[in-house]
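**Q** Residue strings, one per chain:
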Amino acid sequence: MSTSTNKKSLKGMLWTWAALTVVGVIIGLYAPAWIMPKSMSNNMHLTILTMVVFTVAAAPVAAGVYASALFALARWTHKGDDVPSAGPAVRENAMVVTTWLVVSTILTVFLLIWGLGALAVDNGSTGKNPLVVDVTGQQWVWSFSYPGTHVSSPDLYLPLNREVEFRVTALDVTHGFWIANMGVQVDANVGTITTIHTTPDKLGVFDIRCTQFCGLNHAFMVTVGHVVTAQQFTSWLASQPQRA
Amino acid sequence: MTTTLEQAKTAAIPQGGGLHRRLNMATAMIGGIVFAWLFWYLAHHFLDATSRTYSDQVAASLTIGWIVGFWLGIGAFVAPLRWLIGRDNTRADDLYLAGQGQGTSRYWKFTTDHKVVGVQYIIMTMVLLGAGGILAMAIRTELIVPGNHFVNQQVYNGFIAVHGMLMILALIVMVAGPWGNFVMPIMCGARDMAFPRLNALSLWTLVGAAGLLLTTLAVGSLTMGWVVLAPIADQAGVGMDFFAMAIIVFTVSTTVAGVNTICTILTMRTKGMTLARLPIFVWGVMIAAALGIYAFPFFSLVEAQTLMDRTFSTSFFVANAGGTGWLQANLFWLMGHPEVYVILLPAVGALFEIAAVMSRKPVFSYRTAVAGMTGLAGLSILVWAHHMFTTGWAPTLGGPFMLTTELISIPTGLFFLVLIGTLWRGNIWMKLPTIWMFGFIANFIIAGVTGIYLSDIPLDDQLHGTMFVTAHFHYVFVGSVLFGAVSALAFWYPKVTGRFLNEFMGRISFWLTFIGVQVTFLAMFASGLRGMPRRYSSYAFIFEHTNFMTTIGAYTIMAGMLVLLGAVITSWNKGEPAGPNPWHANSLEWMVPTPPPLENFEVLPVITEDPYNYGEELVRS
Amino acid sequence: MSIDTHSELDAHGAHDGGHHEPPEVVDGRQRMGIWLFIGGDMIGLAALLFTYLYLRGVDSGGHWMSMWGYTGHPYSYYYNILDVKGGSIPNPKLIHVGTLSAGLNWLVTILTVVSAGIVWAAERGLRATKNAKSYSSMAAVATAVTLVAVVFTVIQLRHIPPIFSAHEDSLTMAYTAYDSTMMAIVGSTLIHLIILAFLGLGLTIRSARGAINGTKWYQARLVRFFWVWVAVASVIISAVTTTINTIH
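Residue numbers (our numbering), protein chains in the order written: chain A, 11 to 254; chain B, 172 to 792; chain C, 48 to 295.
Chain A with its partners taken away, still in its complex shape:
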């Protein structure tokens, strides 16, 4: 094969790569926000943003592998029923291996830096007078109590724009406390309290689903939660039966 055809066909591969990258980037930019539940908290904004950034960052890499595999298929497939003759006996190419290692290491370091930064933001509590909610899971219901108020309810009400601290535990087996619209999840363990923070920033309703297999009615351990204004929240609390 002559050098010129080689260059020409490599050009074809580059175009394939560019096109696939564009497709990947478009998917990355639009698919997460389109498919994922609508964001109702600061954590969920970060979750969707991370999804977008990672997909966009992965797009050229995945496109590169696809383009080269497709290129190999199109360009070097042996035609005919006979046994193909041997290809070039290339055993090593230090340049390629080194480049690949350097590029993948740089990408990994980027993912790490992003991840550690996001982790610090995600798990951090602002410490500004959070509303504490005690969450208890049991087969197959959630219950929520608000310390200091004697209110315990099967429904979760949260005030808008105020940080919430969920203290999660379980009575019988492990459950998974997950608010799909807020990007927070933690297991409810028997005999231990686990904590997560989030700040709801949109009014509306959301689902709480159990993400840890908990037996017969695991699929039906769903509770509706509400984000309401601060006044509505106060009046809801006052309307609830007080428990000793």
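Think of the hints as simulated: they come from the structure by calculation, not from any bench.
For clarity, every value in this text was computed on a predicted model and none was experimentally measured.
Check the hints yourself; a few may be wrong.
What the hints assert, rightly or not - Straight-line Cα separation of at most 16 Å, EDC-like style, residue types lysine to aspartate or glutamate; simulated pairs:
1) K263(C) <-> D259(B)
2) K442(B) <-> E787(B)
3) K442(B) <-> E773(B)
4) K442(B) <-> E68(C)
5) K138(A) <-> D165(A)
6) K48(A) <-> D211(A)
Please arrange chains B and C on chain A, whose structure you already have, making use of the hints.
**A** Here is chains B and C on its own, set in the frame of chain A:
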């Protein structure tokens, strides 16, 4: 050309064998059932029936009886007892055990010949994959529309547990079992495995474990998922005791097989077969075996603890008595993550081998390939807590475990480099093995990219425990490992049977499976992103379109697998004859006749270079 | 791959598939095998000790060595109260369990170490003096010592105290976290000792019948590797469980 069968018939049956002459799979089953009944009877009558754990104690006794009886009936205890009394095997005994002159009956016996064990592993893999596949179809049928229509939740929960564990067993043995036994010793230039009787022991122990696992559904009430979650496993019925015992027995099988594999590779290589000249597949099998020896003790311990909690009322995972479910999670994933690479590495090794042969080029950067596999194995023991990011266990360790997990992408990336580098500028022979290899490349990229999302803790806080995770690891196991395994099957099938796997049926199977995987699991990603948790027996209406697609895709995969099964069966005796070296490859397994005779070589070969000298003879001559 | 099929050099110089290879070849291979099994066993021990130290470290609910319930009476005692006599059971008490007998623990360890020493000395003697008869009797002694250790291990297991607790109308038996892990550890020791006794018996019989002798002693060494490892493991177990147990 003589077939395996004819060749075996023409040889005379040796005089030896002793007790083994009367033992086979039927006596093993009878022994298992009789002893299971005996142990059940004794436990039933002599244990304290007022105890809360009585039924579990009886069930556990029964399972011990089954495995003891099965081992007795297949002849696993003959060798230890003969060793004990100082009556070692004679040459005739060894030849009898190796199956000389016994025709097809040797496939149903404690036969030590590594090629027989390899074929037995092919059958076992298909049985496990078939049973797990039927359960997968049952699960998807249940999930085709919202609501519980087909089975009730209790049965469904059993399906997800047993489907998971059957498939894990099938995947662990899928490449390393058949090909790590059938071709690996020949590739090394050995006459058999290092410990042929232990080889038969690992196979038959696997059969015993699979027998237990297959009965769990009938015994029932498996509410714990395949990971045997604690403390909910305490609530499961006696099927759980069968399940745990099956796993403990299985770990014995894999540990024995792992030791055997490593010893074969390190001590049985023929003259001149240096480690640097080893076919790359052998490296994959060896690294996976070493990782298995590390991982599986955790597996048997965690299942033993689950069993003890259920039978002896211990409190390993019981919170109000000083235990914790996090212990179970830690021990399970200390095993569980390395186990993923125990599954993956043999398939990757096989694909490197196939890429080199089918593109008529040396493996690109052999050293990188070995380093990538070793690095992956090493890293994999340091990442287990990424399965526990959302459990609440040790939040401060999140950062370190995120670091180790994301480092995994570097050695994994090297696999693509080696595969693409090997194909690059080759003369790619588009036969079945090559086609399935391209399927692997396409799917493994998706598996890898989605793995990166899950390694990131803030993102994992959203995606963990959802169908997204399920789709991710199905892209690894179905999309990648299964494709690698079918590629390996198509590649080495002619060595086993002397015939090609039917190319036409194989291609139909490929397209059905490949399209099925994309439809099934891309839709499953969407379910997960939308917010559907795993292990749901029913779901809200917002998930109905994606679930319907997933079910349709799953049926397509099943159709593909059935076509493949048809190809395997019809090609076995009627396929196109292949000759001893159909791919014109250079490694040793293609240098021996097909089928390889007992003990493989007339004269052990002497090796002077590695098997990847494509194109190099031309230069030299 | 270029293969010299016409070579006179069969790698093992034999045509019988390596079944009659020289003993040193078989020995080397089996040595690697036994070390790999020991490696797997080391992971198992590490996992056991991880369990022990983890549960002690987290001291879940403060219940490492305590539990609410009743003790001191057989299980059926309460059943009689509840079902037969129709009485009511008293309120549960917080019961603290003690550590298992450290003396018994160390006794088993010492017996294991002694038996390992005997096996090792016997092997040295065999290799020096080629006297299979004395090897056989020493192996028998080691086996006997191991069997004594088995007996004490069973005694230790039987002394792990259950605690009974009432749940509504039924009674359940349970063990604290400490007792649970000790049950696993002592149980694992028991299994290892039984394997040692089997191997010791095999050495005794085989050397008496000449299958192990002054020139063919490699199996004696293989067994010794495992025996010494079990002894070392026993020392590690005793050291950990008798120094790190109660929480003050």
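**Q** Next, verify each hint and record whether it holds.
**A** Hints, verified against the model:
1. Using a Cα cut-off of 16 Å, the hinted pair K263(C) and D259(B) holds, with the two alpha carbons roughly 13 Å apart.
2. Between K442(B) and E787(B) the CA atoms are separated by roughly 22 Å; this puts the pair beyond 16 Å, and the hint is violated.
3. Among the hinted pairs, K442(B) with E773(B) is consistent with the structure: their alpha-carbon atoms are about 15 Å apart, no more than 16 Å.
4. Proposed proximity of K442(B) and E68(C) is supported: the alpha carbons are some 15 Å apart, at most 16 Å.
5. For the proposed pair K138(A) and D165(A), the alpha carbon gap of about 24 Å is over 16 Å, so the pair is violated.
6. With a C-alpha separation of about 12 Å, the suggested pairing of K48(A) with D211(A) holds against the 16 Å cut-off.
Against the hints set out earlier in the document, violations occur for numbers 2 and 5.
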